[in-house]
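S.K.: As a plain string of letters, each chain reads:
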Amino acid sequence: GAGVSQSPSNKVTEKGKDVELRCDPISGHTALYWYRQSLGQGLEFLIYFQGNSAPDKSGLPSDRFSAERTGGSVSTLTIQRTQQEDSAVYLCASSLVVTVNTEAFFGQGTRLTVV
Amino acid sequence: KNEVEQSPQNLTAQEGEFITINCSYSVGISALHWLQQHPGGGIVSLFMLSSGKKKHGRLIATINIQEKHSSLHITASHPRDSAVYICAGLGNTGNQFYFGTGTSLTVIP
Chain A
-14 GAGVSQSPSN KVTEKGKDVE LRCDPISGHT ALYWYRQSLG QGLEFLIYFQ GNSAPDKSGL
46 PSDRFSAERT GGSVSTLTIQ RTQQEDSAVY LCASSLVVTV NTEAFFGQGT RLTVV
Chain B
50 KNEVEQSPQN LTAQEGEFIT INCSYSVGIS ALHWLQQHPG GGIVSLFMLS SGKKKHGRLI
110 ATINIQEKHS SLHITASHPR DSAVYICAGL GNTGNQFYFG TGTSLTVIP
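Read top to bottom, the protein sequences are chains A and B. First residue of the first sequence? That's -14 in this note's numbering, and the numbers climb one at a time after it. First residue of the second sequence? That's 50 in this note's numbering, and the numbers climb one at a time after it.
Chain A extracted, bound-state conformation:
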């Protein structure tokens, strides 16, 4: 497909386990964003990648969260030692090189449930 693809679409994990979420951006998009949306809450920025530059990690909620982007394309968001408060829908978006006319496209999200 031509859109942003995220996997898995749903993930149920036990508290304390590590999880890895994947985002395949639109081909050619150099900017990639991770967000999350907890139940009944607004969208919360997590991390941003632009090309090969060091990512902006300012939004990561704790040091249990990390993300990488290999080859400037696919990105993985890893949550270590998951906690129940990590339960949320994790969304990924990508866009071309950021300009005034940048359009961002969102994936369908990964629904993470920590039990």
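Simulated from the structure, these hints should not be mistaken for lab results. What you are looking at is a predicted structure, and each value in this text was computed from that prediction instead of being measured. Hints should not be assumed to be uniformly reliable.
As the list claims (entries may be wrong) - Quick list of simulated restraints, FRET-style, between CB atoms:
#	chain 1	residue 1	chain 2	residue 2	range
1	A	L24	B	I109	27 to 33 Å
2	B	N113	A	G57	34 to 40 Å
3	B	E52	A	S23	16 to 22 Å
4	A	R66	B	K104	46 to 52 Å
As the list claims (entries may be wrong) - With the C-beta cut set under 7 Å, the calculated list includes, among others, these residues of chain A facing chain B:
#	residue
5	L28
6	F50
7	Q93
Unchecked claim - Examples of chain A residues lying across from chain B (beta carbon under 8 Å, computed):
#	residue
8	L76
9	E88
10	G92
11	G94
Note that beta-carbon positions come from the ideal geometry of N, C-alpha and C, so glycine has one too.
Starting from the known structure of chain A, fit chain B onto it as the hints suggest.
M.R.: Okay, now just chain B, sitting in the frame of chain A:
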């Protein structure tokens, strides 16, 4: 205080009504997105604008950069327009979107 504020938070309208959702922001942005999120669904980008006005079908978005305000209008509303509408400002440095808290719209037949 949120960098991006939306109003109203909840809106119920009769089919056919003209709807306006407002977005005000306090941070410097280079562009503003209007997004639509259906229950259980993903997010769809409706508009991206940095000045003036854009129209797509029954949807119209306007932005006033000086007043740091944008509006989304829906003409001849329909039940299928029921969704959460979110405005998001792209920061001047381009490294994140600042999201509003969303407006939940319900259009009653």
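S.K.: Please go over all the hints and tell whether each is borne out by the structure.
M.R.: Tested hints:
1. L24/A / I109/B: 27 to 33 Å: At 32 Å between Cβs, range holds.
2. N113/B / G57/A: 34 to 40 Å: 36 Å Cβ-Cβ, so the 34 to 40 Å window holds.
3. E52/B / S23/A: 16 to 22 Å: holds, 19 Å
4. R66/A / K104/B: 46 to 52 Å: holds, 49 Å
5. L28: holds, 4 Å
6. F50: violated, 15 Å
7. Q93: Holds. Min distance 4 Å.
8. L76: L76/A check passes; min Cβ-Cβ to chain B is 7 Å, inside 8 Å.
9. E88: holds, 5 Å
10. G92: holds, 7 Å
11. G94: holds, 6 Å
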